[in-house]
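Enquirer: Sequence:
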Amino acid sequence: MESPSISPLDWHSAGTTTMKSGRRRDSVRSSMSIASDVGMARDEVFSGPISESVPSGAISLTRRRIQTDPSVHSTYFGEANDSRTSLHEADTGAEYDENIGANLETTSSAGSSTGIRYARSSLEDPLLSRQESFKPFFSRQRAEHRLIQRIYIATEDLTAVISGFSTSSSGLCIYILLCTLSFGTAYLVFRWLPKWRVWLIGSPTPLRHCQWVAIEDQWFQYTIHPVSSRAYGRPISTVFRYRRTENGFLDVEQDSDLAMPCLRFFQYRYLRFIYHALDDEFQLANVWKNPAWKNAKDLRGGLDAREKDCRAQVYGYNLMDIQQKSVFQLLVDEALHPFYVFQVASLILWSLDEYYYYAVCIFIISIGSISATVLETKSTMSRLRELSHFECHVRVLRNKFWRFILSRELAPGDVFEISDPSLTQVPCDCLLLSGDCIINESMLTGESVPVSKSPITDDILGYLDFNATAIHQRVTKHFLFGGTKIIRARRPRDGNDEAVALAIAVRTGFLTTKGSLMRSILFPRPSGFKFYEDSFRYISVMGIIAALGFAASFANFVRLGLSWNTVTIRALDLITIVVPPALPATLTIGTNFALSRLKKQRIFCISPQRVNVGGKLDIICFDKTGTLTEDGLDVLGVQALDAHMRFTELVSEPSSIFSTCQSHDIDLGCHKGKRIIYTMATCHSLRVVDGQVLGDPLDIKMFQFTGWVFEERGGASADQPVDRDDMIIPSIARPPLNSGCHCLRHDDCAQVELGVLRSFEFISQLRRTSVIVRQFGDTGASIFVKGAPECIKDICYPQSIPPDFCEQLNYYTHRGFRVIACAAKYQRKLSWMKIQKMTREEAESNLEFLGFIVFENKLKPNTGPVITELKRAGLRNVMCTGDNILTAISVARECGLMDPKHQCFIPHFLEGCNDANASVSWESIDDPSCKLDEKTLVPVRTAHSIDPSVPFNFLDTAEYSVAVTGDVFRWIIEFGTEELLQKMLVSTQVFARMSPDEKHELVEKLQSIDYCCCFCGDGANDCGALKAADVGISLSEAEASVAAPFTSRVFDISCVPKLIRFVDIVPG
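Under this note's numbering, residues 2 to 1069 are what the sequence shown spells out, in order.
Treat the hints with care, since some could be wrong.
Said to hold, decoys possible - Computed list of lysine-lysine pairs in DSS-like fashion (alpha-carbon distance at most 30 Å, straight line):
(1) K601 - K379
(2) K932 - K794
(3) K936 - K984
(4) K838 - K859
(5) K379 - K290
(6) K617 - K601
(7) K794 - K826
(8) K617 - K984
(9) K617 - K861
(10) K601 - K872
(11) K401 - K326
(12) K486 - K290
(13) K838 - K298
(14) K702 - K826
(15) K600 - K290
(16) K859 - K601
(17) K861 - K600
(18) K600 - K936
(19) K298 - K835
(20) K702 - K617
(21) K872 - K932
(22) K617 - K600
(23) K838 - K826
(24) K861 - K601
(25) K486 - K600
(26) K601 - K1059
(27) K838 - K295
(28) K702 - K872
(29) K379 - K702
(30) K1059 - K835
(31) K379 - K295
(32) K859 - K295
(33) K859 - K794
(34) K326 - K600
(35) K902 - K861
Hints in this document: simulated from the structure, not taken from any laboratory. Fair warning: this is a prediction, and the values are worked out from it, not measured in the lab.
All chains should be modelled from the sequences, with the hints used to inform the complete structure.
Expert: Listed below in structure tokens is the structure:
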């Protein structure tokens, strides 16, 4: 039967929530904090590893703190009035480990020392109650004998129920007897239905005494795990977190910090759960923060040998060792799949009926299918093992002495040298304590732009909270993610030759960000695609028909007086006709052929089960920059203000500005033109590594336009220490010789030499970045800011904004250009200490508007033809970008995604913005007098709309387009009607100014109205959307990207029709 798909995002922490059943999970605002979790599901003969969801940006592996609800008492066994639908016991998504199963059969039941028997009244009761599963936190049941518990892992978006068992001697004997007497038939049944095996062999036991646990998640996937025990003998506070008091201080409850004689734990999806004796529950061992940390210097002490051994016992090795089955084990698992067992039975039946030729053909096909699946599985697991495994030598501070150890021996709290030249990859999740680093995080986020990291400071340390669902944005600037590539690690510039760049390990092994991504590939979220549900319905219906046909044929043959041998063969033969035994082999072979064809087209897949989905797409969402258009932006020119507060002509050569602006020139417009060039030369996040300038492509193009020289020497970011003893040497930007560029001020002085004293990095919410710059020899300082024009306008004083600001901005955005606004101010006698203490709000206020930097973004050559081909195929195409809405509309019209002849309507807030009382108006960008109805998004008849002088009447033809901004998209979701939301999703061609979270949610909303959705992006800010889509295609250089199920090494959208074309012929 069909089980409703449940989204943990729909659960509410208080009260009783009514379940909304449906095929798709309802979508709410996505936190996008972490790589989503998932369960190993085999909906086909080989589903393969799949990456279903990964966060973008900063990724945290922290566990949401479990809260107590004393009013809730959850019972999962023996519920008297349980009206829930029972589990579908033959769920092929059930995961079962034969090695663990063997342990169940051989484990003695002597571990149940209580002598109390606990019985479950119904085998059919699911461990996870469907109604109670909407509660995000499990209630702490303080009963003396606790049998079960509910856990919610926020970082994995996973809710599960843990039930304790011990092996029953009598049940084990019955199990062995049944398997022997049935000649293995009972073994197959119990293998396919592990809950039945647990019901027979297991004796429900309190968690504190259980020998093994059975775990069922919200997708009703059932797994079994043995409980291990190790001698420990240390306080409980060394394993579990302290509790926070009302005063905000970390404290230990009286008489609660007792010694733990042993660690009782089990491994679930490579996560370790340790038994907490006081709370009588298993807790995830991933929270570690020393309560003694008061400032950044406290982090530098390192560990001694005893502390290291303690941490190693709790958290294990800093190693991601993915278990691999042997070829023989894979063959056995594949051959004992229900489909193949049915196939073997069919072959035997056909042989008895002397139907040899067909039997041999099916046998050969089955052998080929099993072999191909085993080889593909082995190859995939080997690639994942190579991708996950990393080990190197690390110089670590242990017992106050420096020594070299293997990275696998790192434990949380270890301080190690990150500037070691032999260290090319970050060995674990860590915090930077000294020095600075440039890190390539493309393996995690798909972002190809290197990221700068600076040491953590005392004020930032207060934001470090591993119990939160996400690492705070301010902490991410100092957080190094395990598995990322070190481009450069510099020692601190304090004059000490022995100074090194230090980092402290905070997460190791599978608890790291990289470990979370590996788990998302190994344990994918079960697909809610309708095709698979319909397939299982089809097989079920055909099975029922076969059973009825078998009974009717059997009765008819008996009535005709045929021999029992003939009756049995003919009746069973009907089943093999109705339910084709060659179906799984055919699907597997077809899928493997499709993967092979895609690989030849340089399209790689880590999720074979998504191949069939690729031929069922309804809508394709494209990112703009780097996907539809070229990666790089070229500077078209600079447009400053003149002395009369009017925009000058677009200047395409910076030298022309300085050729007319000499040091004695007092023309205000000329002065603003020079300061735009100064902004372009200093207001960026570029770094110099081995003589090569690295950073954001837009910043690189902008800096190259100036022709200046950049010397990176140091400089302080907004979060770096302000200790004057460090004597930070600023980075310097200077123009080329004989450029005619002179000082910021109009005094007689030498050639410009600008030192960057402090920088405020780009923040997506603010959409701007700024720097504090000082001219050599000057006592004052200038503050340069660049960012989105709408945001820059808000922080400039009104008198500096020209009257035609919006008109000029619209002129460029309508033509597809990208516009960056610049602003600045100068403060006299600004000391170094005042600069370091200045807040961002103080620096970015009361600015003077300088002008625009105009970039052009060209379409990729294949974009137009591919969009046309997809439209001819009847596929809907939409654009989802973070760029300006007018720029996005211009690109959409240019590539054919939006018809240039159609009027395009965009929304504007008339009243309010983020509340239910806000009012939205939908106006045409070509003719503001044309509007759409606010509730139905259909054209409104006005006197102008029916004017015969209008060249075309869109009211009659309904030929119009809609574009939506991210803020309106959010408002419609939160406050709009369901009709308006669905109309917006169906009618909109362009979604602009969309954040990564909103891209993710757009995909989920489209899926909620039964669209089979594809998302194609470059992986930079699209990780969540790529993983949420039915088919996610990442344009990446990597052969196997963790950002999406499909990866194309051809960096344009031509991969989309190729994927559809090559998988659409797969059977099914």
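Enquirer: Against each hint, give a clear statement of whether it holds in the structure.
Expert: Quick rundown of the hints versus the structure:
1. K601 - K379: holds (20 Å)
2. K932 - K794: holds (27 Å)
3. K936 - K984: Holds, at roughly 9 Å.
4. K838 - K859: Violated, because 42 Å separates the two Cα atoms, which is more than 30 Å.
5. K379 - K290: violated (39 Å)
6. K617 - K601: Holds, at about 22 Å.
7. K794 - K826: Holds, because 14 Å separates the two Cα atoms, which is no more than 30 Å.
8. K617 - K984: The given pair, whose Cα atoms are some 23 Å apart, holds under the 30 Å limit.
9. K617 - K861: holds (26 Å)
10. K601 - K872: holds (25 Å)
11. K401 - K326: violated (42 Å)
12. K486 - K290: Roughly 25 Å separates the two Cα atoms, so the pair holds.
13. K838 - K298: Answer holds: K838 to K298 is near 20 Å, not above 30 Å.
14. K702 - K826: holds (24 Å)
15. K600 - K290: violated (45 Å)
16. K859 - K601: Answer holds: K859 to K601 is near 28 Å, not above 30 Å.
17. K861 - K600: holds (23 Å)
18. K600 - K936: Violated, at roughly 47 Å.
19. K298 - K835: At roughly 24 Å apart (the allowed maximum being 30 Å), K835 and K298 satisfy the hint.
20. K702 - K617: Given that 30 Å is the threshold and the Cα spacing comes to 41 Å, the pair is violated.
21. K872 - K932: Satisfied, since the Cα-Cα distance of roughly 27 Å is no more than 30 Å.
22. K617 - K600: Answer holds: K617 to K600 is near 20 Å, not above 30 Å.
23. K838 - K826: The hint holds at about 18 Å.
24. K861 - K601: holds (22 Å)
25. K486 - K600: holds (27 Å)
26. K601 - K1059: Satisfied, since the Cα-Cα distance of roughly 11 Å is no more than 30 Å.
27. K838 - K295: holds (21 Å)
28. K702 - K872: This hinted pair is violated, its Cα atoms lying about 34 Å apart.
29. K379 - K702: The hint is violated at about 45 Å.
30. K1059 - K835: Violated, because 59 Å separates the two Cα atoms, which is more than 30 Å.
31. K379 - K295: violated (49 Å)
32. K859 - K295: It is violated: about 52 Å lies between the C-alpha atoms, which goes past 30 Å.
33. K859 - K794: holds (27 Å)
34. K326 - K600: holds (25 Å)
35. K902 - K861: Between K902 and K861 the Cα gap is close to 22 Å, so the pair holds against 30 Å.
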